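Model the full structure from these sequences, guided by the hints.
As they're listed, the protein sequences go chains A, B and C.
Be aware that the first sequence starts at 1, since it is given in our numbering, and climbs by one per residue.
Be aware that the second sequence starts at 1, since it is given in our numbering, and climbs by one per residue.
Be aware that the third sequence starts at 1, since it is given in our numbering, and climbs by one per residue.
To be clear, the hints were calculated from the coordinates, so they are not data collected in a lab.
If you're wondering where the values come from, they're calculated on a predicted model, not measured in any experiment.
Careful: at least some of the hints might be erroneous.
As the list claims (entries may be wrong) - What follows is a list of derived Cβ distance ranges for each label pair:
| hint | chain 1 | residue 1 | chain 2 | residue 2 | range |
| --- | --- | --- | --- | --- | --- |
| 1 | A | L102 | B | P271 | 51 to 59 Å |
| 2 | C | A148 | A | H258 | 49 to 57 Å |
| 3 | B | P271 | A | P167 | 40 to 48 Å |
| 4 | A | Y295 | B | G67 | 33 to 41 Å |
| 5 | C | K109 | A | V118 | 27 to 35 Å |
| 6 | A | D96 | C | R117 | 56 to 64 Å |
| 7 | C | K109 | B | Y159 | 34 to 42 Å |
| 8 | A | L114 | B | R166 | 39 to 47 Å |
| 9 | C | A236 | B | M169 | 51 to 59 Å |
| 10 | A | P167 | C | R114 | 28 to 36 Å |
| 11 | A | F83 | B | P271 | 52 to 60 Å |
| 12 | A | V118 | C | A148 | 40 to 48 Å |
Unchecked claim - Sample of chain C residues lacking proximity to chain A, with all beta carbon distances greater than 10 Å (derived):
| hint | residue |
| --- | --- |
| 13 | L55 |
| 14 | A66 |
| 15 | R120 |
By construction, the Cβ of each residue, glycine as well, lies at the ideal position given by its N, Cα and C atoms.
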Amino acid sequence: MVEMSRENLFNAAIAGLLLALPLGAWALGESYYISVASRVAILALAGVGLNLALGFGGMVSFGHAAFFGLGGYAAGVLSHHAFEGSAFLNWPLTIDGSDSTLTLWFAALLVSGLVAAVIGAISLRTSGVYFIMITLAFAQMIFYLAVSLPTYGGEDGLPLYLRSSLPGLDLSDDLTFFFVCYGLLLLAIFLSLRLVGSRFGAALQCARQNETRLSAIGIAPYPVKLTAFVFSAMITGLAGALFVELNGFVSPSILSWHLSGEIMIFVILGGVGRFYGPIVGAALFIVLETVIGGYTERWQLFLGVILLGVVLFARGGVIGLLAGKARHD
Amino acid sequence: MSAAFIFEQLLNSLQLGVMLFVMAAGLTLVFGVMGLINLAHGSLYMVGAFFCAWVAGETGSFWVGLGAGLVAAAAAGAMVEMLVMRRLYDRDHLDQVLATFSLILIFNEGTRWVFGAQPLYLDIPSALATSVPLPGGGGYPLYRLVIIAFGIATAAGLYLLISRTRLGMQIRAGESDREMIGALGVDINTLYTLVFAIGAMLAGLAGALVGALQSVEVGMGEPVLILAFVVIVIGGIGSIKGALIGAILVGLVDTLGRAFLHKLFALALPPAEANGYGAALASMAIYLLMATVLAWRPKGLFPVNG
Amino acid sequence: MTEPLLVLDGLQKSFGALRATDDVSLSVDAGSIHALIGPNGAGKSTLIGQIAGALRPDAGKIAFMARDVTGLSVPQRAQLGLGRTFQVSSLAMEFSALRNVMLAVQARKRSTFRFWRPVRGDRDLTDPAMLQLERVGLAERAQLPVTALSHGERRQLELAVALALEPKVLLLDEPMAGLGGEDSQRMTEVLGNLRQEAAMLLVEHDMDAVFTLADEISVLVYGRIIASGSVADIRASQEVRDAYLGE
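Have a look at this one:
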């Protein structure tokens, strides 16, 4: 129980730090760091999504950029149509563009969830290394689809001129936008906690540990894993929508397989199956990018070396190093 | 649409197919023997291409360059195996994915460091920079035919290596039973390094040969790597025969999809839209092929170990 | 006479040239224990696998509670009330003993797709789970992770998990394997007391346990049932002695 409280303390510290950074930056008038903090929060949110599938369900998805990107495109495309005053779809039903934040988020959740249901339904028929390669391949398919469709900018992507609007809040204010991202991040962590602690979560974790056992007591692993995969994708998809809003730009790069790898890195750096791990992972990633990137263009070389070191020698991730072994009950 | 055009597209399919096979064979061999998923296989492809282009540029001989590319890729592979992979055989696939993903970052930046950020260009050897007439009119670049020949030779060579040699016997033993290799009195470490180096050399071969058709640049191995994944997923991971069939299938579907799908759409749609949809569908075609195969056979066409 | 709970009819299963299950027919009556004995490699685990649904027979039929279940999956059969334990313990290793049993309780209640309420402290799950742990004598070890349990305790836990499903028939694949004298005596006792609750198909090498528990014994050799009968019949059978008991 000592370890438990130590991890909780650590978690509170992480959440507090992420909140303190932009507040400090705001006080000092350094608005750049506010957007850096927003980026951390958004990428961490994507990691929280993946963690649900990977950390708790044992599904090593190497294609989560697909859901991040789809969420981003869903929001970006609707926003683009709202700016143009055109409809996304006229037949069989009319779907107009929208600049309502809630509508954009809903679209991101819906699209990433639906596609995850299809990709998951096929991929979860397999396991192990097949699953890794297939999720990667499907993500690549969506990447190429985005590249080859000229309607939304193809390879070059699409600038978005419209900030979406949330009733009562001004999202074009950097700090407000950060609070929204941060709030969604904490909400997603809270929802993950509830989900993992629930009956469904118990079955999901058993699926990771021992599928034969799960089947033998009469719970089919497939629907459990598929459901978790869809939830996982939706969270990551929402992060994509926020990312697009942050950048005011949507392009196939948010679908690239490097991003899938990076989202995985956030989860691993922080510690697989740790609820707050993705924040640490994403923060560390951004810090490395910023700090090493400040000295040398070759920061990815050092990132690679550090990551390799973590994988080979520090398997519990950072929280594992600092807060002890994961607690299981 | 002339018969010559169709024939040309078939040859293109075959050329893509055999190169994918050379790439996928290494991946599937390493997985079959060591149980390792290696994302950095694309980096070895890149290493082969860069060294080939560099040495060919210095010496003026493509063939010397090709030899250098093969040696460099095999050496890089052996080094990576001894320094990193060896520690990963007992780990789960997640660790393997991350470690080899880190290697990609290291290889990409390292290559940029050594060779600079500009792409290199590798010229086709002048003796091969010609085309041969195709039956039905038109010509086909001789160099591409040579690539096809290299691919077929590799397939035949691998077949002989695995079915006829002592090393092949050890590889087959390793696929079915790791303990048995020990019982055969083989040093497992040496065998694994050797297998990995062979796989790396094949990747380097593909990289060097294809490098002459496009620019040699950082990251060039990654799209090919993912295609090779699709190939071995379709063929059955660990199966060389599956890799061959899968590679040919993917080569056909991808090339023919790009060549003909938009024409098919043009029968029903205005040209601009037909081109758009045709290109979109063509880019998805091999993944749809993969999904179809998996829906039918979740372990690929030639599943290994049942 | 009521219909037997479990009926195997002409089951066949081959792996290549090996006939692992060769025309096996047997039945398990309500309230009884049917023991399946035979030398190693006789195909006992293959047979259990087919009954549980993990392996598909090449031919033959399996009826459970008068219903043909041959085409059903493992989870479907488990939900109908066909519980099993594994020869080599198969548990959720990171969970505590209690949570392993709680998961089975939630499975029986068909309440897996509930996403909100925490299982921790959920009396609907913990109470029935503790009850089963008490029955197998593990109540004091309930909070320990499976990794901290001894081999014998894991066997007991396997049984508790299976019991939490409130099965009509239990398939027990060598529940005594690797247990010491005291543990296996205790296991024999526990199983004997369960007879009225769940009929059992008991695969076991421990002849003391088999002769104590079984109402009926079938002897499996090279995938075939060579003899079937009461304890007295089997003890008396020369054929069985030659083939298996080695006396």
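A quick look at each hint next to the structure:
1. A/L102 - B/P271: 51 to 59 Å: violated, 40 Å
2. C/A148 - A/H258: 49 to 57 Å: Violated, at about 42 Å.
3. B/P271 - A/P167: 40 to 48 Å: At 46 Å between Cβs, range holds.
4. A/Y295 - B/G67: 33 to 41 Å: holds, 38 Å
5. C/K109 - A/V118: 27 to 35 Å: Check passed, 31 Å falls within 27 to 35 Å.
6. A/D96 - C/R117: 56 to 64 Å: violated, 39 Å
7. C/K109 - B/Y159: 34 to 42 Å: Hint violated: Cβ distance 57 Å, outside 34 to 42 Å.
8. A/L114 - B/R166: 39 to 47 Å: violated, 54 Å
9. C/A236 - B/M169: 51 to 59 Å: About 53 Å separates the Cβ atoms of C/A236 and B/M169, which means 51 to 59 Å holds.
10. A/P167 - C/R114: 28 to 36 Å: Because 32 Å falls inside the window, the suggested range holds.
11. A/F83 - B/P271: 52 to 60 Å: Violated, since A/F83 and B/P271 (Cβ atoms, about 28 Å apart) do not stay within the stated range.
12. A/V118 - C/A148: 40 to 48 Å: With a Cβ separation near 42 Å, A/V118 and C/A148 satisfy 40 to 48 Å, so the hint holds.
13. L55: holds, 13 Å
14. A66: holds, 20 Å
15. R120: C/R120 not clear of chain A: closest Cβ-Cβ about 6 Å, inside 10 Å.
Violated hints, in rising order: 1, 2, 6, 7, 8, 11 and 15; the structure is consistent with all others.
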